Amino acid sequence: MKIYARQRHRVLQVITRLLVPFVLIFGLYVQFHGDYGPGGGFQAGVIFASAFILYGLIFGLQRTRRVLPPSVLRWLMSLGVLIYAGTGVLTMLLGGNLLDYDVLAHDPLHGQHWGIFAVELGVGVTVTAVMVSLFYGFASKR
Amino acid sequence: MKNDSQKQVSDDSLTPLAKRFLWVESADKVRLAIYILAGLCAVLFILDFVVHRHAYAPNENTPGFYALTGFLAFSFIVLGAGLLRKLIAKPEDYYAPNAVDAEDYPEEGLNREEFAPDEIVENKPGSGS
Amino acid sequence: MMDQLPALQVMLPMVAAPLIVIIRHPFWSWLIATLISVCACWVSWLMLQQVVDGSIIRYAIGGWEAPTGIEFYVDRANAGVALLVSGLSSVVLVYAYHSIKRTVDTSKHYLFYAGWLLCLTGLIGMVITGDAFNVFVFLEISSLSTYMLIAFGSDRQALVASFRYLVMGSVGASFILIGIGFLYAATGTLNMVDLAARIPDTESPRAVLVAFSFLTVGLMIKAAVFPLHGWLLNAYHHAPIAVTAFLAGTATKVSLYILVRMFFSIFGDEYSFGYLLLNWVLLPSAIAAFVTMSLVAIYQTDLRRMLAYSSVAQIGYILAGISLATQQGLTAAVVHMFNHGMVKATLFMAVGCVLYRAGHAHIPSLERMMSRMPFTTTAFILSGLGLIGVPLTVGFVSKFTLINALMEKGWWPAVVMILASSVMATAYIGRVVYLMLFREARESSASGEGYQEVPLLMLVPMYALLALGLYFGLFGSQTLGIASGAAESLLGGYQ
Amino acid sequence: MLLSAPFLFLIASAVLAFIPQRLRAPLMLVTPVLALISIIGFGTGNHGVLNILNFELVLYRIDNLSFPFGVIFCIAAFLASLYAWHVRDLTQQVATLGYAGAALGGVFAGDLVTLFIWWEATAITSVFLIFARGTPAAMATGMRYLIIQVLSGVLLLAGLLMHFHDTGSIAFNHLGLQSTGTWLIFIAFGIKCAFPLMHNWLQDAYPAATVTGTVVLSAFTTKMAVYTLARGYAGTEMLVYIGAVMTLFPIFFAEIENDLRRVLAYSLNNQLGFMVVGVGIGTELALNGTVAHAFSHILYKSLLFMSVGAVLYRTGTSKASELGGLYRTMPITMVCCVIGAMAISAFPLFSGFISKSLILDAASKNSYYVVWFCLVVASAGVLSHSGIKIPFFTFFAHDSGKRPAEAPMHMRIAMIITAFLCVFIGVFPGFLYSILPHEVSYKPYTFSHVLTQMQLLCFALLAFVYLMKVGLHPHELRRVNIDSDWVYRKGIPSILPGVAASVIALNTRSREWALKRLERLGIQVARYASPTGPLADGWGVKAMVGAVVVLMFAILLFNLWPNA
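Protein chains in written order, with this note's numbering: chain A, 223 to 364; chain B, 124 to 252; chain C, 118 to 612; chain D, 32 to 595.
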């Protein structure tokens, strides 16, 4: 894949600049709406990552790396897993079974809500980070 | 009983214990010993007629049973062995080199030491090495 | 907290792995990995204590009870395997510090140890989960991290080996997935206990049959059963030696455990062996494994490769025990899993020590190792004796049980084959031992400097494992007792 | 368990290698003492019960039968160590302790598996006492010895496996000749016990060992075998006849043998015969006799081997034809030797008298009259080769002109202690009788018993004197006498070339063909199994996937079969 970061792609660049925020917001929507409707961490993560990938396709790897450095990605990957696993551990610490969200809030319903929310967030963060780093990996090696 | 010339050690320098056995060198004394043995045998034989023995095996009570058995068995064994030797004796190196028969014992495992009368005289028996 | 043990077992390494990635410090990541592994080992020990009397722990994840939710199902059989896995992981991790420092670039240490913990997570998860699909998930976790660990090997071949394993492993995993899919289609459940209950009255026996076949072949690939062992050789040869020691002791054993679980608990031995004649497939491949692979091992010139072949042969023994489908045969299989795990790990650790000092494991160049590295060589020889199955060693315990089980069933030809392969094992171990002890060093290699013994941190875990092996060799009835209980649990199916 | 007698010996033998030279000999002396204390300290009962593989291994069973053997083995080990004080050869020292430990282990083994392990251990440790002589001939002899000993172990293993298969038990109690397994075990015991035609190793190997090694060897292996027979086959009638033959035939060989250490080996064989007869009779009295005889036998046979060994040590030879007249300069050795000779000939007031008569008495009481008579004849024979021949041709007879110094101090002490024990047991039989397996009501010193024994011995002596005077007594010649081991040492090897030649002549072509085939097979195997061969290599992804397909097909096929 060749990265073009030239002036003659001005149209693409402008449109991309316009698109990226919407993609991000859509990603967040899918993420946080996941526990009520279609969606969830996996899909949201991929959508979120696609924003960066699009950015990278148009503006080149260097610029994307400046926006989202690989070290941060690695950190995010781990963080996502930690959020997921941490939720599980937290439920255990609160006296329930692993990933038994009932104990997270005063009533089970809220507990389930919070639990799913946290877990999906973890998944989303990790998937985003993994997708982007996959992109980095493929893009940088020829 | 012979070969006094071979001796490098005179009989006088022997230990007291060894001196007690010097009688075997003298033919007379050996003969005397044999007479004593024969006498002893005679006495034992006669005793057999006097003493009543309690026995299990047949013939065991027959007077002279043991005496006869001892004498005959011994003779039979010795003579039989002599005949056996004619059949099976082989030169000493028969199994060589796979057997130790013909070889000398390795020197490093030995401690050959000639009898040294002086040392014995000084230290009395039971010392040395 | 005691009732949370199964969850802890999996979560400990799983949480620690990302932490290590965040910390990124070589030493600290090693320390964390080791400590976590030791904790996991302790947890599985506690767990074994809870179930050793024959009771069962069923842990519902998220509070959703069994057929609906996912559960961990722990009984004597898998608590023991979990202990083996976590225990070996701990020991080898302690050992790995120096060995890995030598082979892996310092900047990547954190990745290595994180991968190790993920692998541990996957293996333990596979063992204790009670959900068929979850088996697949954990299998993937462990497989993926294993590919990574193997690729850390110092030579370029490691990448190839890792890739070959990846291809084969993926084939295996997809077979397993397909099998699980068919099972789900046929029965409508994924929970193993539920599966076992529903399979007999399923309406589509063909689907179950196909599922059974796919699962068998898939697991046979992962367990490196004889004709499907190709990935193992290069992987063991080129991986960092600590990884090899860990994998040799655990990875194939876990797959074999799943295989056994499937045969006896899910499908039931009636189905697997009585009705479906599986032992016409398993036993021939087992025998072919320990005969041909032992033979091949004799001719190897690289110590690691020789041991890799021997591993395939030993898997053959375990498989032979499984294919008997009797209490005693299964006991032999289970006890051999443990014993061989310990022995082979020790052997690979000893080889690692040789590698650490000599830089190679070329067998003909190992002359007079005894005078250069006495402790390492002693460990190698002692555990080599165990591998052969000399009386008073662990190998004898398991081989004897196996032979006894075979004789009980009247399979004399198999007994003869085992004895023949033991002779071959004597040949390949004996050859190395002879070289190490007696052969005078050749002029060329004698001119090189004598090696020193490896650091204490490598020797201590090796000897700890060795001592454990010797102990279990002398007091084999303890392991046999647990294994016999495990076999009972497996044969009895789910209550 | 580490404090049990066998393990004490093993530990000590391991420690020997790591301590300085000057501490080794003392350690070898201390070990038997500690072991004896351990045996007494543990007391009767089963100790060290291990459960391995669902077998109950009893490592340390002390009961009435094993206890006396344990005691005498410790004593023998002590005396042999004292006798070997001068030895600086680490191999021999380690082998001595290891061998004694293994023999003790065998005696205290409560099950057949443990017994087997010690059984083989005695073979492997003891052979070093022969190797230690260091000559190629000794190596060859040692290998012959080792092969036969290991063969015995293999038979034992095979027998115990079959026995286990039959009965499901590995306990070592009374076995009896009831199945193939017990027969094999019987033969294994018989080899170590030097049954007729299985005896050759004894006469072959013992004279080849080192000066001190023979003393050690003489005590353990055969007596361990006697113990195992007494444990497993007491009352087996066949043993009575085997034993009777054993008492008789070695006498003839001993009579004409030139090497005095081999004479003693034959005599050892003959004495074993008495014990085997005792085992075969199997009554309490007979078993008491066996144990008592083994006990006193170990002492006086050690004593004889020590004195002959001392002569060898000083003169470099143990051949009767080279010796004579040594009483002048080795009087103490001579006196000890005579005491040993009198003990083995069973003169009253010596140990042989009070032990052998138990067996003779048991034989006649149980109506084995022919056997009893054989034993009486053999008793006269014992006098001929051990009682007279050994001391007479060594220390008296014609003067060889050799004037060696008296044996070294430690040897003298060892011999004097042993001689003292021989006399002590003979004079105070109660001490020995009190440790026998069964209650002893036997009174050895009755007038008629003393009388008959004296008659037997004195008339035999008279016969000796007579035959010497007449000149019928065989002279001592530098000759070897072939025994039945000729078959495998000369016979078969000499026939083999002829047979092979004819086979080659007849079948050259087929042999070559077969060899070529074999060679080709070897090459083929090597090619397939070599690191680059198809068995080892070539497991590429394609081949693997192929295998997957085949296997899948096979499984499906087998699975569908019953459905179709």
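The reader is advised that the hints may include incorrect statements.
[Claimed, not checked] Here are the computed lysine-lysine pairs in the BS3-like style, where the Cα-Cα straight-line distance is at most 27 Å:
(1) D/K396 x D/K521
(2) B/K142 x D/K521
(3) B/K213 x D/K521
(4) B/K142 x B/K152
(5) D/K500 x B/K209
(6) B/K152 x D/K396
(7) D/K396 x B/K209
[Stated by the list, open to error] Away from chain C, derived, C-beta distances all over 12 Å, residues of chain A:
(8) R232
(9) V233
(10) L240
(11) P243
(12) R288
(13) R296
(14) I305
(15) G344
[As the list claims (entries may be wrong)] Partner residues aside, some chain D positions facing chain C, computed with beta carbon under 8 Å:
(16) S541
(17) S561
(18) V576
What the hints contain is simulated information worked out from the structure, not anything from laboratory work.
No experiment lies behind these values; they were computed from the predicted model shown.
Think of the CB as a built atom: it goes at the ideal place given N, C-alpha and C, for glycine as much as any other residue.
Outcome of the hint check:
With a CA separation close to 44 Å, the supplied pair D/K396 and D/K521 exceeds the 27 Å bound. Between B/K142 and D/K521 the alpha-carbon distance is near 48 Å, which puts this suggested pair outside the 27 Å criterion. Straight-line distance between C-alpha atoms of B/K213 and D/K521 comes to about 12 Å, which keeps the hinted pair within the 27 Å bound. For the proposed pair B/K142 and B/K152, the alpha carbon gap of about 14 Å is at most 27 Å, so the pair holds.
Between D/K500 and B/K209 the alpha-carbon distance is near 21 Å, which keeps this suggested pair within the 27 Å criterion. Using a Cα cut-off of 27 Å, the hinted pair B/K152 and D/K396 is violated, with the two alpha carbons roughly 44 Å apart. Of the supplied pair hints, the one linking D/K396 and B/K209 is violated, its CA atoms being roughly 39 Å apart against a limit of 27 Å. Consistency note on A/R232: stated as away from chain C, and its beta-carbon is indeed over 12 Å from all of that chain's, at 40 Å minimum.
Every C-beta of chain C lies more than 12 Å from that of A/V233, the closest at about 40 Å, which supports listing it as non-interface. Separation of A/L240 from chain C is adequate, the least Cβ-Cβ distance of about 35 Å exceeding the 12 Å criterion. No beta-carbon of chain C comes within 12 Å of the beta-carbon of A/P243; the shortest separation is about 29 Å. The Cβ of A/R288 lies farther than 12 Å from every Cβ of chain C, with a closest approach of about 21 Å, so its non-interface assignment holds.
For A/R296, the shortest C-beta to C-beta distance to chain C comes to about 6 Å, within the 12 Å cut-off, and the non-interface label is violated. For A/I305, the requirement that its beta carbon stay farther than 12 Å from each beta carbon of chain C is not met, with the minimum near 9 Å. Its beta-carbon lying about 10 Å from the closest one in chain C, A/G344 breaks the requirement of being farther than 12 Å from that chain. Of the supplied interface hints, the one on D/S541 is violated, with its beta-carbon coming no nearer than about 27 Å to a beta-carbon of chain C, more than 8 Å.
Contact between D/S561 and chain C, as hinted, is supported at the beta carbon level, the nearest pair being about 5 Å apart and thus within 8 Å. Interface restraint check for D/V576: the shortest CB-CB distance to chain C comes to about 7 Å, inside 8 Å, so the restraint holds.
The structure does not agree with the numbered hints 1, 2, 6, 7, 13, 14, 15, 16 stated previously, though it agrees with the rest.
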